[in-house]
Amino acid sequence: MSDIVLVSKNDAEFTISLEAASISPVLKNMLSSAFMEGHQRRVELKEIDPHVLEKVADYLEYRYKYIDATEDEDLPEFEVPTEMSLELLLVADYLNI
Amino acid sequence: MFKIQIRSPGGLDNKSNTTFDASWKILKDAIKLIFDGRVSELSFQTLFHAVYCITLRRQGEKLYEELHHTIERRLQDITRTHLHSESESYLRDILSIWYNHCESLRLISNVTMYLDKVYCKENRKPPIYHMGLDLFRDIILKSSKDQLQDLMIQNINAARSKASQVDFDSLRSLVEMMETITDEDSTYYATEFEPFLLHETQEYYRSHAKYYSGDLTAYPQEVESLLCGERRLDAKFLNSDVSIKIAKVVEEIMISENIHIVAMEVVPEILRTEQYSSLRLLFGQCQIQNDRKKLWKQCSQYIVGEGLAIAEDLNLKKKTQVAVKWMQEMIALKEKYEVVFKSQEDDDLNGLQAVNEALSVCFNQNSRKTAENLAIYLDSMLRAPSTSEESFKKHIDDCIAVFKLLKDKDFFEKLYQQQMSKRLLQQRSSLKFEKMFVNRMREEVGAVFAQKPDGMFRDIALSQTNNTRFHQAYHVPVEYEMNVLTPTCWPFQQMSNEEDVVLPSALEALKLDFENHYMKTYSGRVLKWAYHLGSMDIGIQFSKSYHIITMPVFAAIILMLFEDYVELTAQEIGDLTHIEEKELIRNLLTIAVAPKTRLLKKQPMNKKILPSDKFRLNYSFSAPSTKVKVLAVLSKQDSDSQGVMRTNNTLHDVAMERQGCTEAAVVRLMKGASKMYCDMLFEETRKILCHRFDVTPDLFQASLERLVEREYLQRDSEESSFYHYLP
Numbered sequence: 001m002s003d004i005v006l007v008s009k010n011d012a013e014f015t016i017s018l019e020a021a022s023i024s025p026v027l028k029n030m031l032s033s034a035f036m037e038g039h040q041r042r043v044e045l046k047e048i049d050p051h052v053l054e055k056v057a058d059y060l061e062y063r064y065k066y067i068d069a070t071e072d073e074d075l076p077e078f079e080v081p082t083e084m085s086l087e088l089l090l091v092a093d094y095l096n097i
Numbered sequence: 001m002f003k004i005q006i007r008s009p010g011g012l013d014n015k016s017n018t019t020f021d022a023s024w025k026i027l028k029d030a031i032k033l034i035f036d037g038r039v040s041e042l043s044f045q046t047l048f049h050a051v052y053c054i055t056l057r058r059q060g061e062k063l064y065e066e067l068h069h070t071i072e073r074r075l076q077d078i079t080r081t082h083l084h085s086e087s088e089s090y091l092r093d094i095l096s097i098w099y100n101h102c103e104s105l106r107l108i109s110n111v112t113m114y115l116d117k118v119y120c121k122e123n124r125k126p127p128i129y130h131m132g133l134d135l136f137r138d139i140i141l142k143s144s145k146d147q148l149q150d151l152m153i154q155n156i157n158a159a160r161s162k163a164s165q166v167d168f169d170s171l172r173s174l175v176e177m178m179e180t181i182t183d184e185d186s187t188y189y190a191t192e193f194e195p196f197l198l199h200e201t202q203e204y205y206r207s208h209a210k211y212y213s214g215d216l217t218a219y220p221q222e223v224e225s226l227l228c229g230e231r232r233l234d235a236k237f238l239n240s241d242v243s244i245k246i247a248k249v250v251e252e253i254m255i256s257e258n259i260h261i262v263a264m265e266v267v268p269e270i271l272r273t274e275q276y277s278s279l280r281l282l283f284g285q286c287q288i289q290n291d292r293k294k295l296w297k298q299c300s301q302y303i304v305g306e307g308l309a310i311a312e313d314l315n316l317k318k319k320t321q322v323a324v325k326w327m328q329e330m331i332a333l334k335e336k337y338e339v340v341f342k343s344q345e346d347d348d349l350n351g352l353q354a355v356n357e358a359l360s361v362c363f364n365q366n367s368r369k370t371a372e373n374l375a376i377y378l379d380s381m382l383r384a385p386s387t388s389e390e391s392f393k394k395h396i397d398d399c400i401a402v403f404k405l406l407k408d409k410d411f412f413e414k415l416y417q418q419q420m421s422k423r424l425l426q427q428r429s430s431l432k433f434e435k436m437f438v439n440r441m442r443e444e445v446g447a448v449f450a451q452k453p454d455g456m457f458r459d460i461a462l463s464q465t466n467n468t469r470f471h472q473a474y475h476v477p478v479e480y481e482m483n484v485l486t487p488t489c490w491p492f493q494q495m496s497n498e499e500d501v502v503l504p505s506a507l508e509a510l511k512l513d514f515e516n517h518y519m520k521t522y523s524g525r526v527l528k529w530a531y532h533l534g535s536m537d538i539g540i541q542f543s544k545s546y547h548i549i550t551m552p553v554f555a556a557i558i559l560m561l562f563e564d565y566v567e568l569t570a571q572e573i574g575d576l577t578h579i580e581e582k583e584l585i586r587n588l589l590t591i592a593v594a595p596k597t598r599l600l601k602k603q604p605m606n607k608k609i610l611p612s613d614k615f616r617l618n619y620s621f622s623a624p625s626t627k628v629k630v631l632a633v634l635s636k637q638d639s640d641s642q643g644v645m646r647t648n649n650t651l652h653d654v655a656m657e658r659q660g661c662t663e664a665a666v667v668r669l670m671k672g673a674s675k676m677y678c679d680m681l682f683e684e685t686r687k688i689l690c691h692r693f694d695v696t697p698d699l700f701q702a703s704l705e706r707l708v709e710r711e712y713l714q715r716d717s718e719e720s721s722f723y724h725y726l727p
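Note that the protein sequences, when read in sequence, are chains A and B. Numbered by the UniProt record's numbering, the letters in the first sequence go through residues 1 to 97 in order. Numbered by the UniProt record's numbering, the letters in the second sequence go through residues 1 to 727 in order.
Bound-form chain A, shown alone (with noise of 0.2 Å):
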């Protein structure tokens, strides 16, 4: 398992798996086509706030994480702050998670 960074506005850094990133078909494109984030491992996400992709990496890492399980398993529910939603909303469909 390779681990890949995301860079956000200030050049704050959050390290995910590969794995989790491909969940983002978009992340998933960026990383594993010949562009140079491909052999950079490195994806620079400066237009996001360093909190709000702090969640996302979160978000990716915990979907990734709970990816097999069915539908009526028991889940831990994913916190998401509500003053936050919006600038997630925003992110989610420019990654298209």
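Listed next, the in silico DSS-like pairs over lysine-lysine satisfying Cα-Cα at most 27 Å (straight line):
(1) A:K28 / B:K125
(2) A:K46 / B:K28
(3) A:K46 / B:K32
(4) A:K46 / B:K117
(5) B:K336 / B:K319
(6) A:K28 / B:K32
(7) A:K28 / B:K28
(8) A:K9 / B:K117
(9) B:K121 / A:K28
Keep in mind that the hints were calculated from the coordinates and are not lab data.
Since the structure of chain A is provided, determine the placement of chain B on it from the hints.
Structure of chain B alone, referenced to chain A:
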């Protein structure tokens, strides 16, 4: 109250001040680098973000058009620079352009994901990737279409004729390419290439079939090896469903299009040379029902030819031998082809039907002759002394099979009854086998057939019981057997004046005794004696040896006169016995002229019988065995005329019966329908009677006339072909 503050996001397009042109420039330069394969210098994120910003600013349409335009120009450039029609590696050139294009498109469409997601979906435009494929189709494939297809088919045909090595990988890749690219609602492959491929395949095999010069019987093998080769070839670059289509085309061209040659020439040749495995192949290749029918028809016609070629072997002396040999050959023919056709791929019924149709034609070429031969064949089977039950059952099956194909079934029945009655009275056959045949016929053709035979069996059985009783009740000096026959069941005509015949006294007494005995049991019945059907055994001591002689009753009556007389003229014999003249002469010929059974000496010694000829017992008679059988001879012309007369009688009987049957059928039909058109009535009547005989229009018309005359039917006053039933 606790108030939740939702931060309003600033948006991700924080460089909102950038113009479309600036963003587009970034993308345009990037696309150029992508096309040139320098993608690793680019940042996905930057490009993705640019597309994102443009799309968000509702400039998606403009971006889409620019992309379209850029890709289009790029392909046009490539056509000019990379695609040379004289290039030897034309096919591979196209492939390499295709692969590059696909890779570039994939990268571009990755970057433009957001555009696809937001703009294309909403505006129902094809995603960028598909748009790029469509452009490839419109620019590269349309311009190269003819050359591409020609080259491909050249390669394929070269592979078909094994002329040269063919690059199947390229072909396969090209086919895959065409299957990837859409065209209208289907793929480019399906709309453009497959019709072309199938058409060219037709042409190829059409000319192949036209110039086929091999052995006719090898034609199915040739087709099979073509199919096999084609399958191998197709597997290398086509999908299996296309292979099936192509195989169909090959069969269609090689078999269906040439079905006339195949049926008219190949089939007879195969049958003639008995190469039945080829026939099997051919039927496997012939998928179309109608064509198969044609093949079967030809098979059938071939058998007809073979069947008609089986002539009666007139070198054989006896009519029986001729008939038996002919039947055996016909049955052998039938069995031969049944076995051959049973092993064909087709369902068995078609093959058997073909054999049956063929034989039906052969048999009905001269239906009466066949009926006669069949009857004789059966007769000789039943007379054969030592037939095993197993083989007899087989013969019965053969006979029934032939019978079923026969048109003149009633004619056979008549002959069969005549012969059967003789066998029964002369005890020449085993009752068990006789009954076996009748029972099988009852199963196969219905109870009507068995009616008269059953009557005969009954009479024979009853007579045996009667004889035993008679022997117990009376003192009978000789062995004596009587058969009392019900006239309706037995096919004999009563001789007119047998009543007058004077019996020797011993016999006369016996006869009276039997009559008395019979009347006791069955009062009210009339017994009529049919001497001509009987026979007698007489033991005589000649000068050299003692012989037991079996002879017709009339001959015996004549012979017994010489117990009392030494010499008699023919005239005197007639006066003493009252035997009818013709019968008298016949019996005198039998015992005085026929070389092996000359029991009487005739004066003068010649072959004619005149009233004045004198007869006396021939004591010098001798024969190799103690038992001698006297066969009633017929002078040559006599026998011929008698034979003809018998046949004519039979024919007459049959004709009368047919008339009756037809009339009955018509009346039955009209009773139900009450009115009907003549044609319809004819068809229906025919249908009803087809299991017995074929109703001819003449017979039908004659029957109608008679029914009208007898006022069963009435012709419509206005329409002469319309009939009413008169109740």
